[in-house]
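2 protein chains.
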Amino acid sequence: MDLNALHKLGYGMYIIGAHKGDRLNGQVANTVFQITSEPPTVAVSINKSNLTHEYIMATGVFTASILHEQTPLPYIGNFGFKSGRDVDKLKGVNYKIGNTKAPVFLDHATAFLEAEVVQNVDVGTHTIFIGRIVNAEVLTEDKCMTYEYYHEVKRGTTPKTAPSYIAGEKGGKE
Amino acid sequence: MDLNALHKLGYGMYIIGAHKGDRLNGQVANTVFQITSEPPTVAVSINKSNLTHEYIMATGVFTASILHEQTPLPYIGNFGFKSGRDVDKLKGVNYKIGNTKAPVFLDHATAFLEAEVVQNVDVGTHTIFIGRIVNAEVLTEDKCMTYEYYHEVKRGTTPKTAPSYIAGEKGGKE
Chain C
1 MDLNALHKLG YGMYIIGAHK GDRLNGQVAN TVFQITSEPP TVAVSINKSN LTHEYIMATG
61 VFTASILHEQ TPLPYIGNFG FKSGRDVDKL KGVNYKIGNT KAPVFLDHAT AFLEAEVVQN
121 VDVGTHTIFI GRIVNAEVLT EDKCMTYEYY HEVKRGTTPK TAPSYIAGEK GGKE
Chain V
1 MDLNALHKLG YGMYIIGAHK GDRLNGQVAN TVFQITSEPP TVAVSINKSN LTHEYIMATG
61 VFTASILHEQ TPLPYIGNFG FKSGRDVDKL KGVNYKIGNT KAPVFLDHAT AFLEAEVVQN
121 VDVGTHTIFI GRIVNAEVLT EDKCMTYEYY HEVKRGTTPK TAPSYIAGEK GGKE
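Those protein sequence lines, which keep their order, are chains C and V.
Number 70 in my numbering belongs to position 70 of the first sequence; there are no gaps in the numbering.
Number 13 in my numbering belongs to position 13 of the second sequence; there are no gaps in the numbering.
The following block holds chain C by itself, in its conformation from the complex (with noise of 0.2 Å):
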């Protein structure tokens, strides 16, 4: 068995965005996906250590900003490899409040969405949040970076909390 083949699975990248009270914080993900068009429906699997995690099970909302392939690697690092629980992710990042009143992330954004949580799963070490699109709007033209361009042109690497890890990864720099 090669689990290297789960490397060729595709997915774009994605800023989540969660709030609990004032409190505003928001992480990378590359497992947002679409599972049904009536209602329009997403779901994102989420790592139960997260902050992230914490604030959508307080609130049972979430926003997803869609990162265009140009976005640089410092802003993906910010979301991806850092806890909110030590860092203001938000310190000079442009966003605004959403319908939900979680943060929408708007740098290197080519769209972004807003959903309430109808179902969670419980999917051992992540949870699968399931949520009704509430809000959607696209930004610019670009096209969505995706995971594979990340990692192979931009060389970026993949926390240990990803859905997505694999122990001694080809590339990574961790």
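Treat the hints as calculated values from the structure; they're not laboratory data.
Identical copies carry no separate label here, and so any pair may be met within one copy or between two of them.
In silico EDC-like cross-links for lysine to aspartate or glutamate, where the CA-CA straight-line distance does not exceed 20 Å:
#, residue 1, residue 2
1, K20, D88
2, K160, E38
3, K48, E38
4, K48, D86
5, K143, D2
6, K143, E69
7, K96, D2
8, K101, D2
9, K160, D2
10, K96, E116
11, K91, D22
The structure presented is a predicted model; accordingly, all values stated were derived computationally and were not measured.
Use these hints to put chain V onto chain C, whose structure you have.
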């Protein structure tokens, strides 16, 4: 609310294989995604009206062949716009019976996975099947076809039973 934002989500393109006794079937899907790394687990969203849904429900196994970028449209059309109830989609197609007894489709595949379902999530029109990986193999070094590439370069369309179908979508041939 502009649901064209959903078109910006990134996906790959896959043929999902399933069986029920001696009967074999396959269908196109774009929503295959890894949800945990330990143990390696993937999920796929399948329309309840599809024959593949009936087969996965019956046997609790599925395969996913990851299509490479140069996959010809007629190959996708055979699996995506026909029902295994009407035609034998496997006629003239190169496949093998996997460890799960479901068919693994080898034409135009850059890698494949086999999974045993550990959880079904009812999400209305679709079921999300969550499967533990029991077999995986990389077949070629090709890039996977992205859903965006399928739409924009190949000018492919989306059937109404897909999770990502959007009525009146641009560029559709239906």
